[in-house]
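Just so you know, the protein sequences line up as chains A, B and C, in that order. FYI, in the working numbering the residues of the first sequence are 1 to 317. FYI, in the working numbering the residues of the second sequence are 1 to 290. FYI, in the working numbering the residues of the third sequence are 1 to 607.
By construction, these hints were calculated from the structure, which means they are not laboratory data. Please note: incorrect hints may appear among the correct ones.
[Unchecked claim] In silico contact screen, one side only, chain A against chain B (beta carbon under 8 Å); selected entries:
#1 Leu14
#2 Pro144
#3 Pro165
#4 Leu271
#5 Val275
[Said to hold, decoys possible] In the DSBU-like style, the derived pairs of lysine-lysine whose C-alpha atoms are separated by at most 35 Å in a straight line are:
#6 A:Lys127 with A:Lys311
#7 A:Lys45 with A:Lys97
#8 C:Lys193 with A:Lys311
#9 C:Lys410 with B:Lys192
Just so it is clear, CB atoms sit at the ideal spot from N, CA and C, and this is done for glycine as well.
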Amino acid sequence: MRRIAAGLGTLLALSVLVFAATNVLPGNAAELTLGRNATPPALHKLEHRLGFDHSIAHRYGSWLGGLLHGDLGNSAVAVAQNAPEPSIAHAISTPLKNSAVLALITTLLLIPLTLLLGAFAGIHARKKVDHMISTPALVFAALPEFVTATLLIVVFFGWLGALPPVSLVAPGTSPLSNVEVLVLPVLTLLLASLAAGIRQVRSGVIEVLQEDYVHVAQLNGLRGRTLLWGYVLRNALAPSVQIVAQTIQYLVGGIIVVESVFSYPGIGTYLVQAVTERDVTAVQSTVILLAAVYILINLLADLLVVFLVPKLRTELS
Amino acid sequence: MSTAVATPSPPHSRRPRIPAFIAADRGGQVGLVFLVLIVFVALFGPFIAPHSPNVPIGIPGQGSIGGSPLGLDQLGRDVLSRALSGGRTALALGALATVATYLVGVMLGLLAGYARNTALDGITMRTVDIFISLPAILVMLVLVTALGGSSWVLVLGAAVVLFPGVTRIVRTAAAETATRGYVEAAVARGEKRGAILRREILPNIMAPIIADLGVRFSWSIILIASVNFLGLGLSPPASDWGLMISENRSVIPTNPWAVVAPALALVLLILGVNLLGDAYVRHLGRSSSR
Amino acid sequence: MSSASASSALEASGIRVELDDGTPVVDGIDLRVNPGEILGLVGESGSGKTTTALSLFGHSGRGIVMTAGEIVVDGEVLEGDRRFQQARGRLVSYTPQNPGAALNPSRRVMQSVQDMIAAHRREADAEQLSVQLFERVGLPVERSFTERYPHQLSGGQQQRVCIAASLAPEPALIVLDEPTTGLDVVTQDRILKELLRLRDEQNAAMLYITHDLAVVSQIASRIAVMYAGRIVEQGPTESVLREPRHPYTRGLVASTPDHRRPRTLEPMPGVSVGVGEWPQGCPFAPRCPQRVDRCETAFPPTEQVTADHDVRCYEWRQTPPATAHSVVPGNVKSQEEHPQEPVVLEVRALHAEYRSRHETMVAIEDISLTVERGACVALVGESGSGKTTTGRVIAGLHPNATGEILLQGKPLPLHARRRSAEQRRCLQIIFQNPYQALNPRHTVAEEVARPAHVLRGMSRRGAREEVRRLLEAVRLPAATARRYPRELSGGERQRVAIARALAAEPEVIICDEITSALDVSVQAVILELLRELRHDLGLSLVFITHDLGVVATIAERTLVLENGVICERGSTGSILESPQHPYTRRLLAAAPSISLAAESWTLQGSG
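Isolated chain A, as found in the complex (with noise of 0.2 Å):
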């Protein structure tokens, strides 16, 4: 209970943030849209669409209001164009459920890949196993996602002429359609992941394996399955659901860099497409609904460690 109160508590504070960096701050939202040189009574306008002339105060709470309700509010440029709809709701839906296909089947393969690779290079640490899967992991972690996908591009359009550079959908069908679109941005998200998550499980199991009750138990004839599932690996557990946890976590930062990249119609294309318009609105939301599947993420991965280490369980109760 107590941490999903602190789960939301941080996320009030996050909204207080957002709202202040991107109101407070120089330049005001109906100039940042139309530009510097739109009329004034034209700014006047659009301010009183956007409910800009009330004061700070005043539309952090409806704004906040808004969210709670599930009303994300009306896109600045949207309006400003006079568009039909310009509820960012509507705007994100698609972008939305395109997202959440990539970040889904990313997350499949993600979980067991980091755990098997991991926690195999962990057990066969310092081995020739270990360094075939820790090198190329260190190599990528290190690689920023937008490099890993252009080198991806290069090789596998480029060179290959296999796959498409771009992964274009069509208006109102599935990105499932069309799988190959898909391809080389999960590729990408998951080299990218898969690094840092697979160094960080092989040093947690690592440091299990220099634990005094490993130690212990191997010097009291423990071995084979009972030594490894139940002492190494089931120790290594909890932590390394954290570490899976922090890497779905990234997924949801890195998603929004890769989109961009395959000019892939999700979420995050639609944010960086916000940001370089200076939607302001757009963003506020947009950020806030990220956030709040960040902070979930992280609660979801404390109660299964919770879940998963005696000591806090019984703690607990």
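Starting from the known structure of chain A, fit chains B and C onto it as the hints suggest.
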């Protein structure tokens, strides 16, 4: 513990030119070579570049030709010359952000760690928790939305993203060190807080701080390059490796070097920094296990 | 040889373990343990006793390898990785030092024992056998207990689980590596009794590794003493402790405090030899009072003192008896002397609490004490008794307190920061852990000069002179001034910490468990040093310790703390001889002592 006599090497006797943690470590050696190479390029690249980085000299997207081994970019400028002059922003902004990160992070961490389990500590660490619960790239995007994409915003953004981690590490180390006998003895003889932090605590938590430096530095480089790549940071015609990769995606089929060259440069830089950092961490592990 | 080994549980000979580069860690180790016998393997830190124990498991750690020796357990010759692997647990089992870290934190305690049964005794009914084992080591067998996790058990219970686990395969030999170090004395006493009972009931053979002569005197039938990677003396407990023939053994006995027979300790000169520093001849020669020329050229062979007592010393016949110099110090006399001295420190109704985020815990309640000039007052208690908190409050390091402290009759603020420089000068504190006592970035000179500079306003040059004088006072060579802490041994560091405290020219020094992280021989040096300093400088000490033997050695008056309250106070002599409070009696009854063991030998001998 009587083995302590075995290695009587006073720390200030002589300073080898290459620190021991690099000399004894293959990864560290490779890292040093990478980093020296990239720093050299960043410092002197513009002077050895065969062409001007901003003037078109041929057909856009043309492959390797005489006098231009890496071909031309999407505007017909020499890729090699642009790659040679694109390192300064990455290095300088990354370094600046790292310095800012450490100024804030070390200060806050020291204060919080020394005042452990007090209100000051609590408030500092809760604030840090809040900053940590937003994906890095989102922080950058929010700041760019609010302040535009200047170099200063990039540095500020990277520092805002990275300082919480430094604060946490410093706080943990400082809180642990504060319970040591020599710190307590200093408290008992009434030394001032500043003197205790400076004399007794800070010098003894340098190892974890330095061990973390490589990671933070490479992170700030990655973050800033990513924002540049998204087209939200530095604007053309600046020659920055992140920006170059983004600009030249359209010429991949004709001249892949236009993206591969800056990409490789970034890889070498980040890998070099990481390898050096890892070597230092291994060095710490070795000397503490002795 | 083979017929002999069939009857003994362990027969090891000529064990040599080396580092990768050929540096010997232990060498020429011969050990024999018979069924129903406990062999005590005694040595100070770095003597190689754990390395010796691990070699019985064929365990070559990273960078360590066994290069010579024969190990026969229960008639089976252990050779090669496979034989050792098969012997682990089944023939030789291991009980570790730190039971809290040695149990799998995510396994229920009964399951840990059943793992051992499953690994070694497939035919047995794991459920039933594990219950029997729990009963055998004196643990409850209700489900509510057996289904607990290690962290829900006390330290003593955790160690019993470990012992149950190592009994499970019915091994020929149980190796116990400092199994009671870190447990409080009452728990230690129970575990020791349990082990003796198991030895008798099961006819078990045990190798008991410890640094503590008092403990080993109570549990072992025979003792092997290690110094610098070799066994220097081996024989029946009684004869080794009563008439040690090796000068090192004698030195250890003379360095071990005993609460049943208070006496002045006789510290050995010099420091022990570490791995890689072995001299050509006898490693003890540089510290040995009876050394002759050949000691420095060749390590002595094993010589028989009696049929079952052997020693590796050329001059063992010259070793003086250990008891000859044991004089009971004039505790009663000094008790009468001190009341005339003025009171330096007075503490009235001290009350302190600990605040964590969730709760506030009372740490000490209504503590009062007085310290006269030149006196030493001991605060004794187990961990959690509040003795350290009391010391910290007096030193001004624990401000969550109420009560009154009077220094030379004047009230002293509770917070160090609110005290005047003069008050801070008068009151110094030394801490338990010598490895964290000194700033690793400062030279000894910087560290020692600081209080002289800050609290006595000494100039830098004056302080430098002062450092030389102080190092001399704590018997450290002047060259130590330029050294960094990591170049010093634990005992040397603690001496520098004492010098740093002395640099303030204090009236009172609070010593918080300052010898409990040190080997006994080093502890003896420190205790003797403190005694001399008190005599020379008229220093007063508040000496905080859990060790009744140390109390007997150094303090005139003693306060016994239990759960933050003083339960008994009085002269050390009267408390040790006729304790009134049940808690004091329990502590005294449980505290190990060589002379206590000696009484039982006498009884056995006469009866």
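Exercise for the section: Identify every previously stated hint that the structure contradicts and give their numbers, smallest first. Expected result: none
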